[in-house]
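Using the hints, position chain E against chain Y.
Protein chains: 2
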Amino acid sequence: MHRETLVALDRTTLELIDRYWRAANYVSVGQIYLLDNPLLREPLAAWDVKPRLLGHWGTTPGLNFIYVHLNRIIKERDLDVLYVCGPGHGGPAMVANTYLEGTYSEIYPDIGQNEEGLRRLFKQFSFPGGVPSHVAPETPGSIHEGGELGYALVHAYGAAFDNPDLVVACVVGDGEAETGPLAAAWHSNKFLNPKVDGAVLPILHLNGYKIANPTLLARMDDEELRELFSGYGYEPFFVEGYEPFPMHEAMAATFDTAFDRIREIQSAARRPGAEAKRPRWPMIVLRSPKGWTGPKEVDGKKVEDFWRSHQVPVANARGDAAHRRVLEEWMLSYRPGELFDGAGRLLPEIAALAPEGDKRMGALPHANGGLLKQDLVLPDWKSLAIDVPRPGSPTAETTRYMGAYLREVIRLNAETKNFRLMGPDETASNRLDAVFEVTNRVWMERIEPYDVQLAPEGRVMEVLSEHLCQGWLEGYLLTGRHGLFSCYEAFIHIVDSMVNQHAKWLKTSAELPWRKPIASLNYLLTSHVWRQDHNGFSHQDPGFADFVANKKADTVRLYFPPDANTLLWVTDHCLRTWNRINVITAGKQPQPQWLTAAEAESHCRAGAGAWDWACTCPVGEEPDVVMACAGDVPTLETLAAVDLLRTALPELKIRVVNVVDLMTLQSHTEHPHGFTDAKFDALFTRDRPVIFAYHGYPYLIHRLTYRRTNHHNLHVHGFREEGTTTTPFDMAVMNELDRYHLALAAIRRLPGLAGRAETAVAAIERKLAAHHAYVRQNGEDMPEIRDWQWASK
Amino acid sequence: MHRETLVALDRTTLELIDRYWRAANYVSVGQIYLLDNPLLREPLAAWDVKPRLLGHWGTTPGLNFIYVHLNRIIKERDLDVLYVCGPGHGGPAMVANTYLEGTYSEIYPDIGQNEEGLRRLFKQFSFPGGVPSHVAPETPGSIHEGGELGYALVHAYGAAFDNPDLVVACVVGDGEAETGPLAAAWHSNKFLNPKVDGAVLPILHLNGYKIANPTLLARMDDEELRELFSGYGYEPFFVEGYEPFPMHEAMAATFDTAFDRIREIQSAARRPGAEAKRPRWPMIVLRSPKGWTGPKEVDGKKVEDFWRSHQVPVANARGDAAHRRVLEEWMLSYRPGELFDGAGRLLPEIAALAPEGDKRMGALPHANGGLLKQDLVLPDWKSLAIDVPRPGSPTAETTRYMGAYLREVIRLNAETKNFRLMGPDETASNRLDAVFEVTNRVWMERIEPYDVQLAPEGRVMEVLSEHLCQGWLEGYLLTGRHGLFSCYEAFIHIVDSMVNQHAKWLKTSAELPWRKPIASLNYLLTSHVWRQDHNGFSHQDPGFADFVANKKADTVRLYFPPDANTLLWVTDHCLRTWNRINVITAGKQPQPQWLTAAEAESHCRAGAGAWDWACTCPVGEEPDVVMACAGDVPTLETLAAVDLLRTALPELKIRVVNVVDLMTLQSHTEHPHGFTDAKFDALFTRDRPVIFAYHGYPYLIHRLTYRRTNHHNLHVHGFREEGTTTTPFDMAVMNELDRYHLALAAIRRLPGLAGRAETAVAAIERKLAAHHAYVRQNGEDMPEIRDWQWASK
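These protein sequence lines map, in sequence, to chains Y and E. The first sequence begins at 1 in our numbering and counts up one residue at a time. The second sequence begins at 1 in our numbering and counts up one residue at a time.
Looking at chain Y on its own, in the form it has when it is part of the complex (with noise of 0.2 Å):
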């Protein structure tokens, strides 16, 4: 057992501690219950009280007692320090402490240091136009909601990469605990460098219950505990009790321990010539009651050091008085006398506990990542460009330039080390492998000498849980820096809910001025549904779109680059953007390419457009028919469905579409990009049959264009869930997304074309056939399939 000797603490510091501690937890539960009357100067009555009473008190005192703690360090020890706030349901908490500090009152000046802003404070928390319950974009000091749980620690690593002097002190609470994302969290500590990188300081606490249940780890013994975390690589500390002194005792000795321990592990690995390996680095386990120092029973139920202090203890204290009296006992017990002066402001030997100015952890530059942020320097996208002479040739693997580009940035963003690329184990296989001519793969284990691209730094960062990417990735850019994160297109579910939450921080981080926009979450979705050669079914799933589209218009926009040069512009132009989740869409497999750079540029500066030259109408006709398609292996097909029709039927007018940004699909009144209707009706017609074949499930085209003229003209084919192990061919027409099927789809929508089509449509089906019998016998595509190449015209 790791339990240190106490150090002698003067009374005096041990005293102001407490008040500090004493103040945080009265302003925490005059937010949860007071409109007014925010000293008690009076006795507490029924209108003083909220008539919704919302919030959550049993894990704010703990965050209190870790807040004041950490000032009194950072303050002794000059240190910048980030307060990750898992359970930030603990809102109050995080409000009342930056309020103590002043910075929420420099930053809404309308909450000022005395007893109006006082009042203003308690009323605006959790009621209608004030501040959420939760810590939130509005709450400084924060990059973190936590509301849902899981990504705590995690953040808290991401915020910690390349921030050498920065610690990252991590509150995880025991419910947050249970969680997947959480437990596997721990393990961040093995790509985490002690030279280059700063430290996190993970400290869980255990206040043992959940809303209605106690926690596991919390009934776990110490030992168990102790093994767990040693198991996962930290050296734990353990500070357990309930009485306030020597809980504060034992909580600063501890603090001093740990970041003792962090100051060594750092100062020698940053010693020339240290040798790099994964230190233990402490963590620290603080078992202390759930509702701490709140009401110990109500009704004759047990509250303190129970579940029933997860929300509001004392549930009527606006209706009951005597209800209202345990609230008044509760608030009184903290001595408020003592805490605030007259006029309402922290007295200031108390305050003069925080520390000052940007190391106040409400204050915090990290935690506004913006004011941080420097823009990456970007290499000239058509220097990398692929040569295309004419369309459909050569063939390439798209990726790989995507790859190369990236190469570049890292390059030039050496020495700044702001940009990040992660992926679960995929970087190679997704073809980015040109980055590690410049780089590594971070990995802070033991090395073999037949390893390749691993080392102890490196922008890359590999591990097989996009639960782990995704939030490293979100730490690091909300604390102002940048990053991609590739991955297999159909396990990007695996995060939703985290992108979701993401979405939700933008979008109202967004809305406040005083937070300033980070760079954009960027993905690029590659082994996607069409080329699952490896694999099956269970890796085929393009509706991350869908789900991403349901967000916010300014937030998200969706990419399909069907081919490298498309790519190129697309990447570059996603790296430039700020608080905006893009998603780009590509092919990491051999296929035709089709424009010039730039073509390419003019091509997605438009966002989707006519291809002239595969088109049959003359510009400025009216086309019989439009080939739409959007995604690369779609493109491909609806090329070669065109290249059918042309023969099979050459005095058929077709326009060929090409969609790059989906968004501009939407109308420009829902989305920024959208086109305006004339726009739309001018490249889609308005009584034309359009035959749209898309990448992901047909219905997130419909639900796009639902408002345009020609909408019930638009035949739409993608996804249908019809997936397996078969060829890549084979899976497209298992959907009816191949070119005979685009091109049936196009002849049955045509009237009047009588012998001419229906000669065409059986040599198409005789061409199906062939197919399914081929492909079942040999287990590769005919060679018309795999050999066929676009004929210019």
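Any given hint could turn out to be false.
Intra- or inter-copy, both count: the list cannot distinguish identical chains.
Unchecked claim - The calculated DSSO-like cross-link candidates involving lysine-lysine, where the alpha carbons are at most 27 Å apart (straight line), are:
#, residue 1, residue 2
1, 302, 277
2, 653, 277
3, 767, 123
4, 679, 653
5, 417, 516
No wet-lab data here; the hints were simulated from the structure.
Relative to the frame of chain Y, chain E by itself:
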């Protein structure tokens, strides 16, 4: 360190085990590579090799090794063992073993126990029209796909609950072990009761590498691993090495010890009067080389015991004679002549090592749960219905009635023990606490005297991990039982990807006649977007419906019962269905009740219909406007809007349509519950404005109805991502789902109402302004909102 002394296993048995293993390895390699020449009677020719080599070798020999050792112990001890194969991409292993033991040929008679059968077995693997490269529903003996990693262990525990005679051997790959869900799943031992449940024997298979990286756990030393797994509450045993014979001896001895431990634990726990406490279950750490027994090097690069053996170690065996020679030597190294007789059948002395009949892991009924499924005994839901003397009265917490129903389900099936209720600490919060009248929450940790409803046995499982709830339930259903998962609506997105994989499993299983239907996966989503009283924006997301709607129509159902009696009908219905994913969304807060039990029954049977008592349009006449709704809050607000309209514009003919089963909106050609166009048009008209108040994102309604005649007149109000902590009614206002906005929307779509309409609009806009001011002043809704009641005509 726990290393057991080896017991003597006689040389003959060891030899047989090794030959069985070699046979399994041979059959595995054959599947990846060969089109023909399965016994290598002829020198290997180019045309014997598949043109596309797809599959995963790396993990396969380890999976085979475990399989044969399980065979030995099953046979020796007459056990029921379910093999959960976490590295499910090692499909060749599970196919090979179920083939060798005979189950494969019994299920698929065209794959016989002879040379031709072997040839077909090889060819079909990862071949168009054949079987997937992963373990899949097509694979006998499996309940687990393993393509998306993370869920092996949680499935294993789900299978073990209430199966006291079952041992689930669960192989966890070291890649998978990096995921969050797996990291949390180790804690499932805190919910497994040795008295009434089966055992789970986790086998952590450290083969060192993922696709292109070492794994975290494999690079941890044994001491850290021992600490980690002791901390998780297990007793770890290590089996490590390379040489087959010592490894066979070590594995056999360790299995003997581990199965002894399991027996001891169970005997002790099942003794009368035994104290219920969590035992320290055994687990095994198996360190063996990746691609074990495969080529050591190819083209001068390390392959065996390295990540290059992950998929196809010899890449060009068809095109390159040298590669082909490597393959041939590799396959011949298993000495097929010592394994198969002249006809291609496994030699009888080797075959005798496998268990017989249902003891064979490929034939275990638990792995085809539908075989074991017993229908639930269900109560008469009408006996639990709420009395609704008139629409809108009384007010009640809807989910409480479902709680009473579930209590009866648990009571009626107490003997069979085949129903469990899962939830992340929210059963009581979601008002389902009536179940605690007849059962408890399962809890194997310490129980304190003041704890409530915790016990070592119980039908309710609560843990703050949606992943564990989902995974346990999947494992439970897949082994033939029933259950329901109640979850906060917003956080069900955490398991999007798991639901995805389960939907895929169901779709494929339904196409296999030998796979018997399993009970549906049922959700109650509550604490929904419109009633996040204690929380805020982070808890507001109704998008799971959109996600689920992308799955195959045969599989998914979305229910929005507007009150208690409809919720009862829907719950009762869902528990009677099979092979489906039923998503029920219903609020837990007090709300008006609308339908009697009889009305609820006919309304729910129809799926959607007009509520004549709320219409001002006589039955049989065309309305001026249709006010449609789906969801409890939208229903309430729609009726309140109708109330407003009725007063303001009494001549207006309004039809009120309520939708319980959202899939009725889709065309009957797309979904089995879809209305025909005639039926849809009769309800929603062909040309009148439809104001549709929907619980979730409006787009879903558009996409479900985009083919309907009247689609362009459909105006959907729903969640627009405008959320925060505010009053419930204000949330509706922010998203324009409230009565005022709905009424305004109707009026504005009606031509020719001029003067009266203008007056009505102005009055409603005044009310909106008054609401805005009131709620921000008082923090609660205006009395006229809180107390609004539907006035029967």
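Results of checking the hints against the structure:
In this homomeric assembly, residue 302 and residue 277 come within 27 Å of each other (Cα to Cα) only across copies, at 25 Å, whereas the closest approach inside a single copy is 48 Å. For the homomeric pair residue 653 and residue 277, neither the shortest alpha-carbon distance inside one copy (67 Å) nor that between copies (77 Å) is at most 27 Å. When the C-alpha separation of residue 767 and residue 123 is checked against a cutoff of 27 Å, the pair qualifies only between copies, where the shortest distance is 24 Å, while the shortest distance within a copy is 72 Å. For the homomeric pair residue 679 and residue 653, the shortest alpha-carbon distance inside one copy (20 Å) is at most 27 Å, but the shortest distance between copies (39 Å) is not.
In this homomeric assembly, residue 417 and residue 516 come within 27 Å of each other (Cα to Cα) only inside a single copy, at 20 Å, whereas the closest approach across copies is 56 Å.
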